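Asker: The residues making up each chain are set out below.
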Amino acid sequence: MAATAKLVQESARLLQGKEFSEARAEELAIEVERLNGDVRRAAATLGFDDEPATFLAVLNKRR
Amino acid sequence: MSEDTALPGVADLAAAIRAKQVSAVEATHAALARSERGQRRLNCFIAIDAEAALARSAELDRELAAGRVAGPLHGVPLAHKDMFYRKGRVSTGGSLIRRDWRADRTATVLERLDAAGAVDIGRLNMAEFAAGPTGHNKHWGDCRNPWNPAHMPGGSSSGSGAAVAARLVPGALGSDTGGSIRLPAAACGVLGLKPTYGRVSRYGAMPRSWSLDHVGPLARTARDCALLLAAIAGHDPKDGASSHEPVPDFAAMLGKGIEGLRIGVVTEADGAPVDPEIRTLLDRSVEVLRSLGAETVPVRLDRLTLWFRFAETVIKSEAATMHGNWLRERPQDYSDHVRARIEAGLVLPATRYLEALSQRGPELARFLETTLAGIDALHCPAIPMPIPTLAETDVEGTGEAVLALVARVTQFTRPFNFLGLPALSIPCGFSRNGLPVAFQAVGKPFAEAMLLGVADAYQGATEWHQRVPSG
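Line by line, the protein sequences give chains A and B.
Under my numbering, residues -6 to 56 are what the first sequence spells out, in order.
Under my numbering, residues 62 to 532 are what the second sequence spells out, in order.
It is worth saying that the hints were derived from the structure and are not from the lab.
Predicted model, so just to flag it, every value in this text is computed and none were measured.
There could be a bad hint or two in this list.
Going by beta-carbon spacing under 8 Å, a handful of chain A positions derived as facing chain B [unchecked claim]:
#  : residue
1  : Ala(-5)
2  : Thr(-3)
3  : Ala(-2)
4  : Lys(-1)
5  : Leu7
6  : Ser14
7  : Val25
8  : Asp31
9  : Leu39
10 : Leu52
11 : Asn53
Just so you know, even glycine gets a beta-carbon here, dropped at the ideal spot from N, CA and C.
Sequences are here, hints too, so could you generate the full structure?
Answerer: Here is the structure:
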C-alpha cells in the first residue's frame, strides 16, 4: 500500500499526537513512500540473523 | 604578534608558544582581534568569550613560565561549533529552542582539548540543530564564505569552516552526520576529517543522529589535523559507541610519502553526476597523487544512492525521536526547512528504521571485501558542483527544494556516514567562480593516519592550502 496524505495525517495524529495540514501531508507522503519503498525493497537481502549491532563488529574487525 | 598577521597553523603556533617566541596571551589576543573583525564580515561566531579565553591563556603562560607544558596544544586558541557542551555554559546548537540552555556536562572532546592545553575562544555558528548543508541560519544569521561572502560556506559546521579558512583560529571542531565537517571544509578550502565511527567520543556533543554522528577537526594542514585528532581520539567509557582502537601518533606518521599506495578513483557513481568543471580539477588532483608515486585504479560506486537512502531513513527516524516533544509543543520555534527535514521520521515505520540499520554491517562488509579489496584509499568528489551562493540555496519554506538540494550537495558525503568509514576533505583548487574545490579521501576503518598521509603528501606538492582569502 502506498503512503498517502490521508495515511500520513491519520498516523501522525493517532500515533504521534501531531497534526499535519493536507498540503504538508501530501509532501510527507511522497517522502515517506520513497524512503519506505527503497528500504523495504532492499530488506529482501537481509537474513534472519542480520541485526544493527553487526555493523560495529564489522567496523572493529576490518582494518 | 601583530593582530593583522594571519595566525600560523596549529603546529607552528604550538611550537612558537613552547619556544616562548610568542605567549599564549599574545596568540589569544591576535585570534580574538581577528575574530572580532572577521565576525562582522562572516558571522561565523555565535559567541566570542574574550574574558575567559584571556584568563585561560594567562594561566597557561604562568604554567609555561614555571616549566610546565599542559600538552601538545599548549596556548593554542581554538573555537568550536556551538554544540559541544561545556558545563554551565550556554550551548545553542544553532537553535532558538536552546538559545539560553546551559549544559549540564562537558563534552569529552572539550575536556581533552583543555587537557592538551588549548584555549577555547568562542562558540561557532552552525546550522540549526546541525541540520543543513549550506550555512543558512534563521535564528543566528547566515554564516558566510570567506572567499566570497555571497556564497554558502557549507554546513552544518559552517562557522568552523569559515573561521579556519579566514585565519581567525588555526583549528576548530565540527560534527558530521551527512557531511557536516567535510562540506564546510570543502566549500571554504580547508581540511575536514570525519574519523571512523567511534574513533572520537560523542559524549557531550549535541546529537543529530546517534548512529551517524561523528566528531572531528577542521584545520589548514594535515599536520594540524593530526595534532587535533590525536588530542580528541580514543576510547571514552561515557560514549557507548566509543572504540577501543589504540590511537597512534598521527603527526609522527606523516612525511612518509604515498609511494606505492593504491588509490581507487571513483569515476562513476550511480545517480550522482559531477559538474565537468569539478571533474577537471578532481582529475588534476589524481595526476598529482600519481606523480607522487600512488597507483590509481578506476572504481565504480553502484550503491551510493542506496546508502544515501538508508542514511536518510536513519537520520529522520532518530531526529524525529529526539525532537518529538519539541515538534509537538513548539513547532513554530524551528525554521521551516529544519522542521521539514525531521517530520517524515514521525511516520516512518520502526521496521524500516531497523532494516536500514541492519543493512550497515552487511553493506560495510561487502564494500570492504569487494570495492576496497586491494585498495588503500578511495578518491571521490566532496561537493560535486561549484559552490553556490547563499541566495541560490535559500530554501526556507520550500520543503521539496530542500530535499533536492541536500541530495545534491551531500550525495558523496552522507553514504560514508552510513558506512562509518573515515573520510577527509582535501582542497584541490578553485572553480571559475573563485570558490574552493575539494576531493575526498576515504579509507578503511581506523585508517585516519593513512588519509592524513595522503593529504600531507598532496599538500607538499601543491599550494592550495597556502592561499588566504582577502578581507
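Asker: Check each numbered hint from earlier against the structure, then list the numbers of those it violates in ascending order.
Answerer: 1, 2, 3, 4, 5 and 6
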